[in-house]
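First to last, the sequence lines map onto chains A, B, C and D.
Residues 0 to 97 in the numbering used here are what the first sequence lists, from first letter to last.
Residues 0 to 97 in the numbering used here are what the second sequence lists, from first letter to last.
Residues 46 to 197 in the numbering used here are what the third sequence lists, from first letter to last.
Residues 46 to 197 in the numbering used here are what the fourth sequence lists, from first letter to last.
Read the hints as simulated data drawn from the structure, not as lab findings.
Cβ atoms here follow ideal geometry from the backbone N, Cα and C, with glycine treated the same way.
Zero decoy hints are in this set.
Examples of chain D residues toward chain C, derived with CB under 10 Å:
| id | residue |
| --- | --- |
| 1 | Y64 |
| 2 | E72 |
| 3 | A75 |
| 4 | F79 |
| 5 | V80 |
| 6 | P134 |
| 7 | I138 |
| 8 | H147 |
| 9 | A151 |
| 10 | E156 |
| 11 | A190 |
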Amino acid sequence: MAQFQLDPAPTASGVTVHILYFARLREILGLGEETLTVAVGSSVASLLAALAARGEVWEAELGGQRLVRAAINQELAAREAILPDGAELALFPPVTGG
Amino acid sequence: MAQFQLDPAPTASGVTVHILYFARLREILGLGEETLTVAVGSSVASLLAALAARGEVWEAELGGQRLVRAAINQELAAREAILPDGAELALFPPVTGG
Amino acid sequence: MARIAIRVQEHDFDVGAEYALLAGIAEVGAIAAFVGQVRELPGGGLSALTLEHYPGMTEKMLARIADAACERWPLDAVTVIHRFGRLEPCARIVLVLVASAHRHAAFEACEYVMDYLKTEAPFWKKESAFGKDSWVEAHASDEAARERWHAS
Amino acid sequence: MARIAIRVQEHDFDVGAEYALLAGIAEVGAIAAFVGQVRELPGGGLSALTLEHYPGMTEKMLARIADAACERWPLDAVTVIHRFGRLEPCARIVLVLVASAHRHAAFEACEYVMDYLKTEAPFWKKESAFGKDSWVEAHASDEAARERWHAS
Chain A
0 MAQFQLDPAP TASGVTVHIL YFARLREILG LGEETLTVAV GSSVASLLAA
50 LAARGEVWEA ELGGQRLVRA AINQELAARE AILPDGAELA LFPPVTGG
Chain B
0 MAQFQLDPAP TASGVTVHIL YFARLREILG LGEETLTVAV GSSVASLLAA
50 LAARGEVWEA ELGGQRLVRA AINQELAARE AILPDGAELA LFPPVTGG
Chain C
46 MARIAIRVQE HDFDVGAEYA LLAGIAEVGA IAAFVGQVRE LPGGGLSALT
96 LEHYPGMTEK MLARIADAAC ERWPLDAVTV IHRFGRLEPC ARIVLVLVAS
146 AHRHAAFEAC EYVMDYLKTE APFWKKESAF GKDSWVEAHA SDEAARERWH
196 AS
Chain D
46 MARIAIRVQE HDFDVGAEYA LLAGIAEVGA IAAFVGQVRE LPGGGLSALT
96 LEHYPGMTEK MLARIADAAC ERWPLDAVTV IHRFGRLEPC ARIVLVLVAS
146 AHRHAAFEAC EYVMDYLKTE APFWKKESAF GKDSWVEAHA SDEAARERWH
196 AS
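Required output: the full structure, derived from the provided sequences and hints.
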């Protein structure tokens, strides 16, 4: 499991987020999961912006040009949703089951 | 099979109609089928009126107070439909299958 | 051409077996099915329904309804089986199976066939409950259900 | 209380057996069913679909959709089974079964469950055809199908 630290650097009051990538996103990013520490009060949107800032495929997939769905602790979450400490954040393309 | 003759009396140019009664209608009229001879050009409506003129249950069931469906040769038929010679005319209550 | 199968019979049918007959068609992505069965009265007491029909006209009418569904939606197969005779609570009455490439066509066509069957196929139900027999009255809601297919 | 059964599994399911589990409920008059299966491409050439899902969230989401259907219609039972893994043409993908006293509730709830499942349950299909793999794109028509349940 990869361990990244995002800017701004996590503080003592940072929250830990376990991120899961699914389907096309997992394949293109070349990563199934990772754990990050982000500032308290970070939203899904701010985390996505931080991930997109990694550039290249991260920017292409998460920078807003493609649809990405988010779920926090296995519940669909809006972009404004605040990440709780220890959250499981899943990021995935629009679903295509059934 | 009962044989009735309706007024007006059939002429040489009368048509023969084989009538089938179904479900509640058959039980109340006490008759499953009968063959009648009616004037050429008679409609379903005119035959129903002639049958209702028998009075009592015939009037009650076929006189217009209760819904009755008609089929000529196994096709649903409107009241204005003309009875062809040798027709099979089915009379029945609204259907309740399924 | 869609495969159409129409059966009017006294004996029971096997839902799984009828479904399996349509499941092997490669172009099919969606199979919608409907089973109507004898429902117990709210407080119990139903002995049976007895279904009467008009042999000959029944099969023609069911075939016509299935044909009309095939003209309206792109279907691969339609099966309609309807029983007659004495049927006790939980007995199967009717099966409609529709196979199509797409689910909306399958769902809509299945419901369309049921709505027309309910209002145009010559079947009549007699209810035996609490030792009394009575003919089931037609529901205005069934006519309304059929009419919406004219509007759309 | 409606009986709700949710299963997410790699192995196949038996449509007839699943149907039979709901057929013995005395208050049930109508059972609507939907089976989605792997459809061959128009000109052929599909090797398989591979379905990925999000274990845990999938089951929760399917249960929530079934619960929502039970709040909206008077249902006696809802079964939802969805497979994952590699599925060849004609393989079954999903089964939705809905039992109710009345047919419109059964039909509508069955279609409702499918419409929400298609747009909210975390499954993704990868298509293998002509030696190439590609992720299936979501259809705007599926979103539109779900949205109509908000309007009515």
